[in-house]
Amino acid sequence: MTSFQSTMTSNANPSFDEHRWMINIRRTLDEELEDDTEIPVCIFNVLKILMTSCPDCYVPQQVAIGPYHYWRPELYEMERYKLAAAKRAQKRLECLKFSHIVGNLINLELKIRACYHKFLDFSNETLAWMMAIDASFLLEFLQIYAIKEGIVFTRVSSRMSHLIDYAGRKSAHNAILRDMVMLENQIPLFVLRKILEIQLSSLEMADETLLSMLVGFYKEISPFKMLEEIPSINISQCAHLLDYLYYVTVPKIEAPEEINEAVGQLDEAMEGKFMSSENSNLIAWLSEGLVRLLKRLLVSRHVKVMLKLPWSIVSNVPACSFLKQPVEYFFFSQDKEVKPENENLNNELDKPPLAEEIAIPCAAELFRSGIRFAPTTGNILSISFDVKTDTFYLPIISLDVNTEVVLRNMVAYEASNASGPLVFTRYTELMNGIIDTEEDVELLREKGIILNRLKSDEEVAMLWNGMSKSIRLTKVPFLDKVIEDVNRSSALSIDTLELFMLDHLETSHSYGDVVAKQIQESKSTTNL
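Heads up, the sequence shown is in the UniProt record's numbering, so the first residue is 1 and it goes up one at a time.
Keep in mind that the hints were calculated from the coordinates and are not lab data.
Predicted model only: the values in this text are computed from it and were never measured.
Hints should not be assumed to be uniformly reliable.
Unchecked claim - Simulated crosslink set (DSS-like; lysine-lysine; CA at most 30 Å straight-line):
no., residue 1, residue 2
1, K388, K455
2, K82, K118
3, K87, K97
4, K91, K481
5, K87, K252
6, K225, K87
7, K481, K455
8, K118, K48
9, K111, K91
10, K455, K475
11, K97, K111
12, K48, K475
13, K91, K252
14, K82, K97
15, K447, K219
16, K91, K118
17, K91, K48
18, K388, K481
19, K252, K447
20, K118, K225
21, K111, K475
22, K219, K388
23, K82, K252
24, K225, K111
25, K111, K87
26, K111, K252
27, K87, K475
28, K447, K48
29, K388, K252
30, K87, K48
31, K111, K48
32, K455, K225
33, K225, K91
Said to hold, decoys possible - Pair by pair, the computed Cβ-Cβ distance ranges are:
no., residue 1, residue 2, range
34, S171, P477, 18 to 28 Å
35, R453, W71, 45 to 55 Å
36, K111, E208, 46 to 56 Å
37, Q237, R445, 29 to 39 Å
38, K87, K111, 25 to 35 Å
39, R445, I23, 17 to 27 Å
40, K87, F122, 31 to 41 Å
Note that the Cβ used here is the ideal one computed from N, Cα and C, for glycine as well.
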């Protein structure tokens, strides 16, 4: 985002500063004459549909990092610790003053502003001081992970000792960790690199130190406990802390640019639709038990037969009438109200997966059907299904007090920034599908896939089920293939649901009589 775009965004601000606007216009013209390369936005506001589901997972509770939450009074307490960290950073500069760091960041001011999706209503100097102080605090916090990785930077100050815990057991330590991975609480990683370069007098040493911090940080905060070597990532290509966590965990899968533009238009329209008050009660109802019920119904033989009939007939069958409103809402209203401008895209990847493509029975039902579960030591790419041994391989995931915040913010970041399929979002949907109750959690825990550090298996089930209020899904070929193979091999007959369907159909005489009756009524209406 150029400073011109940012300036125009500020028109909604009642305290609009005309003088600053004029200065920014002049600077923007000079900026674009000097460099035509666009710096991609990488720090976003969380989508409303996600924010409303769990605000505490997206809004910092302990410390504000960066400009989005800087002036919140409840976070002022941490300012004295950030200033103390800045003083200690100045001591490490020897003959230089802290203002030297600020001066270097002022030179990067346009680049810093370009990273933020939201207009930053700060002067250049204010923004540079904010970045310098917050980055000093982050580096002091992150240094414990450099120590763990064998690179000694400096010991933690006694004034910070009650916040920073080498063992990671103190509540304040975990609260700061959670705040550090929130999408709206990020600062560009190149700011940290610049400060370390000044302190260590070498960009190479700065990158080595920062990389050790990030690797240790990943091992601490990431729920994915990879026993294999963590993939090497060029930190000069990383946007911020959350971006590093994301790309270590999630493989890059490219998709055609035109498809992403069309899906993006669909996202914006759907978000407004979901947030409307008239639909809020329906969405809340669907996000709980009905979603799991629909997923189970879709793998039933009887439902597969009914899906081949016209909807006008199926919707009037007594056993299906209770599904008429939500099914019509999800599958038909979108076609009427949301149409991307480019309707000529014929590539299947631009369509979200069908309900029957993401439907998968819960872990307990899969296990009873003969499916085995086994842990992998890799990232999401390691998910697979061995059709010869009927073994479902899933990465080890450790669930603790920080996990939900990490998962939700990675989903939020992917939704705003991904240039291809939403791989991580599809993974969370897969886990939500195979985990319905504590019985499923217990099974996966016993198989070594889930490491539960929460209070109970029920709490883990609630965590995954609570993430059902998600965003759009995109097709992810390797995950889609795994789900397809699992469903094919399981050959599940969901006895309870089939009896439910049969019972209701029998009360209407017989399935054939009901269908024949609906067809006859449909013909009579047409003749009239």
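For each hint, the structure was consulted:
Of the supplied pair hints, the one linking K388 and K455 is violated, its CA atoms being roughly 37 Å apart against a limit of 30 Å. Between K82 and K118 the alpha-carbon distance is near 24 Å, which keeps this suggested pair within the 30 Å criterion. Proposed proximity of K87 and K97 is supported: the alpha carbons are some 10 Å apart, at most 30 Å. With a C-alpha separation of about 56 Å, the suggested pairing of K91 with K481 is violated against the 30 Å cut-off.
For the given pair, K87 sits about 40 Å from K252 by alpha-carbon distance, which is inconsistent with the 30 Å threshold. For the suggested pair K225 and K87, the alpha carbons sit about 36 Å apart, so the restraint of at most 30 Å is broken. A C-alpha spacing of about 34 Å is found between K481 and K455, which places the hinted pair above 30 Å, so the restraint is violated. Straight-line distance between C-alpha atoms of K118 and K48 comes to about 15 Å, which keeps the hinted pair within the 30 Å bound.
Between K111 and K91, the direct Cα distance comes to roughly 27 Å. Compliance with the 30 Å bound is thereby established for this hinted pair. The straight-line distance between the Cα atoms of K455 and K475 is roughly 35 Å, outside the 30 Å bound, and the hint therefore fails. As the CA atoms of K97 and K111 are separated by approximately 23 Å, the hinted pair is consistent with the 30 Å bound. For the suggested pair K48 and K475, the alpha carbons sit about 23 Å apart, so the restraint of at most 30 Å is met.
For the hint pairing K91 with K252, the CA-to-CA distance comes to about 41 Å; that exceeds 30 Å, so the pair is violated. A hinted pair counts as satisfied when its Cα atoms are at most 30 Å apart, and K82 with K97 qualifies at roughly 17 Å. At most 30 Å may separate the alpha-carbon atoms for a hinted pair to count; K447 and K219 meet this at roughly 22 Å. For a cut-off of 30 Å, the pair hint linking K91 to K118 is broken: about 34 Å separates their Cα positions.
With a C-alpha separation of about 43 Å, the suggested pairing of K91 with K48 is violated against the 30 Å cut-off. Taking the CA atoms of K388 and K481, the gap is about 15 Å. The hint holds against a cut of 30 Å. Our distance criterion of 30 Å between C-alpha atoms is met by K252 and K447, whose separation comes to about 29 Å. With a CA separation close to 34 Å, the supplied pair K118 and K225 exceeds the 30 Å bound.
A C-alpha spacing of about 34 Å is found between K111 and K475, which places the hinted pair above 30 Å, so the restraint is violated. Of the pairs offered as hints, the one joining K219 and K388 is violated, with about 34 Å between alpha carbons and a cut-off of 30 Å exceeded. Only pairs whose Cα atoms come within 30 Å are accepted, and K82 paired with K252 is rejected, the gap being roughly 35 Å. Distance check on the hinted pair: K225 and K111 sit about 34 Å apart at the alpha-carbon level, beyond 30 Å; violated.
Between K111 and K87, the direct Cα distance comes to roughly 26 Å. Compliance with the 30 Å bound is thereby established for this hinted pair. About 25 Å separates the Cα atoms of K111 and K252, which keeps this hinted pair within 30 Å; it holds. Of the supplied pair hints, the one linking K87 and K475 is violated, its CA atoms being roughly 50 Å apart against a limit of 30 Å. With a CA separation close to 37 Å, the supplied pair K447 and K48 exceeds the 30 Å bound.
Taking the CA atoms of K388 and K252, the gap is near 29 Å; set against the 30 Å cutoff, the hint holds. Our distance criterion of 30 Å between C-alpha atoms is broken by K87 and K48, whose separation comes to about 38 Å. Among the hinted pairs, K111 with K48 is consistent with the structure: their alpha-carbon atoms are about 27 Å apart, no more than 30 Å. Restraint check for K455 and K225: the C-alpha separation of about 20 Å stays at or below 30 Å, so the hint holds.
Of the pairs offered as hints, the one joining K225 and K91 is violated, with about 37 Å between alpha carbons and a cut-off of 30 Å exceeded. Distance hint check for S171 and P477: the Cβ-Cβ separation is about 42 Å, which falls outside the suggested range of 18 to 28 Å. At roughly 35 Å, the beta-carbon separation of R453 and W71 lies outside the given 45 to 55 Å, and the hint is violated. Under the hint 46 to 56 Å, the C-beta atoms of K111 and E208, about 23 Å apart, miss the expected range.
Between Q237 and R445 the C-beta distance comes to about 36 Å, which sits within the given range of 29 to 39 Å. In this structure, K87 and K111 meet the distance hint of 25 to 35 Å, their C-beta atoms being roughly 26 Å apart. For R445 and I23, the Cβ-Cβ distance of about 59 Å falls outside the hinted range of 17 to 27 Å, so the restraint is violated. At roughly 22 Å, the beta carbons of K87 and F122 sit outside the given window of 31 to 41 Å.
Hint check: violations occur at hints 1, 4, 5, 6, 7, 10, 13, 16, 17, 20, 21, 22, 23, 24, 27, 28, 30, 33, 34, 35, 36, 39 and 40; the rest are consistent with the structure.
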